[in-house]
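From just these sequences and the hints, can you work out the full model?
Now for the letters of each chain:
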Amino acid sequence: MPTVTFIDPDGAAAQVDVRRGETVMRAARAAGIEGIIGECGGFMNCLTCHCYVTAGEGGQVPAPSAAEADLLDCLAERRANSRLTCQIVGEDGLEGAVFTLPSWQ
Amino acid sequence: MATQPKPAGPLPKLRPENYLSREFARGENEHLWGKVWLVAGREEELKGVGDYLTFNVANESIVVARGKDGLVAYHNVCPHRGRRLADGCGRAQQFRCKYHGWTFNLEGKNTQVLDRHDWEGALDDERLDLWPVRVDTWGGFVWICMDMEGESLAEYLETIPQYLDPFELQEMRFRWKVELHLQVNWKVALEAFMEGYHVAATHPQLIQVAGNDYTQSYAQGKHAHFGYWKDVQPLGTPSPRLATKGFEDPREGVIEFFRQIEEDLNAIQTDRDYEAAKRIREVLPQGTDAMTAMVTAIELGRQAAIEDGTQYPEALTFEAMAQAGSDWHIFPNCVTLPYFDGALWYRARPDHRDPENPDKCIYEIWSLKRYGPGKEPKVETRIITDPTTESVGLILDQDIANMTEVQAGMKSSKFRYARPNPVQEMEVINFHQTLERYVLGQSTGGI
Ligand code: FES
Ligand code: FES
Ligand SMILES: [Fe+2]
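Those protein sequences? They're chains A and B, same order as listed.
Quick note on numbering: the first sequence equals residues 1 to 105 in the UniProt record's numbering.
Quick note on numbering: the second sequence equals residues 1 to 447 in the UniProt record's numbering.
Derived from the structure by calculation, the hints contain no laboratory data.
The structure displayed is predicted, hence computed values, not measured ones.
Keep in mind that the hints are not guaranteed to be accurate.
To be verified - Here are the simulated distance ranges between beta carbons:
hint, chain 1, residue 1, chain 2, residue 2, range
1, B, Met148, A, Gln15, 51 to 61 angstroms
2, A, Glu22, B, Gly90, 24 to 34 angstroms
3, B, Asp115, A, Pro9, 30 to 40 angstroms
What the hints assert, rightly or not - Chain A side only, calculated, beta carbon under 8 angstroms to chain B, not exhaustive:
hint, residue
4, Asn45
5, Cys46
6, Leu47
7, Tyr52
As the list claims (entries may be wrong) - Listing some non-contacts, in silico: residues in chain A with all C-beta distances to chain B over 12 angstroms:
hint, residue
8, Thr3
9, Ile7
10, Asp8
11, Gly11
12, Ala13
13, Glu22
14, Arg26
15, Gly32
16, Gly56
17, Ser65
18, Ala76
19, Arg78
20, Asn81
21, Gly93
The beta carbon of each residue, even a glycine, is placed where N, CA and C say it ideally should be.
Right, dumping it as structure tokens:
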């Protein structure tokens with residue numbers, strides 16, 4: 001089960017285990033990470049699960065789909081490594097990935 | 001040569017139906033609110049990209065937000081099946097309808113229609129973006145106009161910026177906010193603050209120390225103001241209506257005036273001004289005349305404001321302050337009483353939960369103040385649904401107590417029209433003349 005790190009806007013870090021096949025958004029919500037709201041439950045509708053992602057020792061985080069990339073353009077605080085965490089699924093490659101929360105969500 | 005008696009002027013009259021009839025309320029909803037510039041909020045509420053607020057008036061709801069390139073405003077309704085999109089205020093990346101998830105970016109463009117293929121292209125030529133509303137700013141206020149054509153905000157405000165710009169209302173921040181839910185017409189509530197003629201009878205404690213309370217009022221296009229321009233007497237002295245000579249030591253009268261404003265109103269002049277005024281006991285000798293005492297108290301307030309980190313508004317000379325007068329009606333639904341250090345701002349409108357009911361309104365009172373950088377408080381709106389059990393301070397309680405009695409009294413079979421004072425109540429007279437032009441198409445020109 002990959003373990004990832006969430007960093008809140010004040011710099012505080014929290015470790016979260018992401019069960020294989022579960023989305024990072026749901027794992028973060030279950031772990032009580034503030035700032036991951038996931039209002040729509042994960043169908044790329046609400047954009048309230050946005051994070052900046054850096055891959056860890058596990059390797060690569062799969063690239064966003066075209067649909068996700070389109071939606072990321074709507075974000076006021078979009079950066080090159082912006083992602084919707086409801087679109088990232090737990091798998092070995094995720095080990096050590098770091099998810100930095102935007103300053104507001 | 002014998003002096004000719006001055007011929008009587010025409011008696012100004014106001015129609016009670018303007019306050020009491022459902023039909024007139026419907027007329028306002030149809031012909032007024034959608035045609036004028038209205039205050040939707042304060043710029044300080046929309047600091048960052050994505051900050052939004054909603055403003056409901058009559059049957060309309062408007063959402064105003066800070067987009068990437070400045071303020072934007074839209075009708076707050078989803079084009080799919082009409083759900084309101086946003087509620088209250090907050091910060092959002094986009095507008096998302098909670099019903100079926102259609103989304104719109106801050107530019108108002110539709111960004112998602114769930115299962116769009118179901119329409120088989122039929123949506124392609126359909127307009128799915130949010131309906132825009134004009135938005136602009138003046139005085140730190142966010143103004144909207146639902147009519148996409150017509151006057152700009154600057155044109156709409158007419159002479160107001162010329163008189164009120166020197167006060168730099170945009171430099172002020174909320175000190176406190178009250179929202180009253182009242183069982184009276186929105187105009188009855190607003191008009192309680194549109195003349196100084198009521199001060200002697202309604203606020204007897206105030207005229208002991210507020211100088212000459214006799215006012216004059218003038219129309220300024222659709223708007224109007226009143227002030228104290230005749231036989232001016234310094235603050236701290238008693239009204240000439242009274243036999244009393246007032247405080248033996250005029251310094252004490254001036255301090256008492258600032259105390260009343262601070263403790264009984266908590267607006268316009270500020271706590272800083274009251275603290276500064278008390279210092280005239282130290283800096284002025286006993287027996288100082290009232291005018292010197294007043295001017296010194298104001299000057300000490302100015303210095304206290306500067307020491308507190310706020311700049312004094314440069315253009316606000318004594319002349320500019322005198323020309324502006326004390327109180328402005330900003331057509332249709334706002335009134336302000338500005339001072340260099342703070343201001344009162346009132347906003348009235350029909351209760352949007354029952355918009356055709358002429359006996360209900362939402363009445364907001366905003367106390368604004370100049371703060372040093374970063375010193376402004378975080379202010380929550382106090383909502384009051386029964387003002388008979390909750391006080392907003394002595395002076396405002398006295399004003400509010402008149403409102404329900406006026407609304408009820410005007411329903412008397414004997415009350416055919418109101419007889420406003422042509423010198424002191426011009427704000428009210430001009431208000432109805434302008435309002436009737438919007439609602440009835442032309443001024444009825446008498447009853
Ligand atoms: S949870 Fe709604 S977009 Fe990711
Ligand atoms: S009403 Fe808004 S998506 Fe259906
Ligand atoms: Fe009053």
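Checked hints:
1. Met148(B) / Gln15(A): 51 to 61 angstroms: holds (53 angstroms)
2. Glu22(A) / Gly90(B): 24 to 34 angstroms: Cβ of Glu22(A) to Cβ of Gly90(B): about 29 angstroms, so the range 24 to 34 angstroms holds.
3. Asp115(B) / Pro9(A): 30 to 40 angstroms: With a Cβ separation near 35 angstroms, Asp115(B) and Pro9(A) satisfy 30 to 40 angstroms, so the hint holds.
4. Asn45: holds (4 angstroms)
5. Cys46: holds (6 angstroms)
6. Leu47: holds (5 angstroms)
7. Tyr52: The hint is violated - Tyr52(A) has no Cβ within 8 angstroms of chain B, the shortest such distance being about 14 angstroms.
8. Thr3: With a cut-off of 12 angstroms, Thr3(A) remains clear of chain B, as the shortest Cβ separation is near 28 angstroms.
9. Ile7: Holds: least Cβ distance 20 angstroms, greater than 12 angstroms.
10. Asp8: holds (16 angstroms)
11. Gly11: Per Cβ check, Gly11(A) is outside 12 angstroms of chain B; nearest 20 angstroms; holds.
12. Ala13: Per Cβ check, Ala13(A) is outside 12 angstroms of chain B; nearest 24 angstroms; holds.
13. Glu22: holds (22 angstroms)
14. Arg26: holds (18 angstroms)
15. Gly32: holds (21 angstroms)
16. Gly56: Its Cβ never comes within 12 angstroms of chain B, the nearest being 27 angstroms, so this holds.
17. Ser65: Given that every Cβ of chain B is farther than 12 angstroms from that of Ser65(A), nearest at about 14 angstroms, it holds.
18. Ala76: violated (4 angstroms)
19. Arg78: Nearest chain B Cβ is 9 angstroms from Arg78(A), so the label is violated.
20. Asn81: At roughly 17 angstroms from the nearest Cβ of chain B, Asn81(A) sits farther out than 12 angstroms, so the non-interface label holds.
21. Gly93: holds (28 angstroms)
In terms of the numbered hints stated before, the structure departs from hints 7, 18, 19, listed from lowest to highest.
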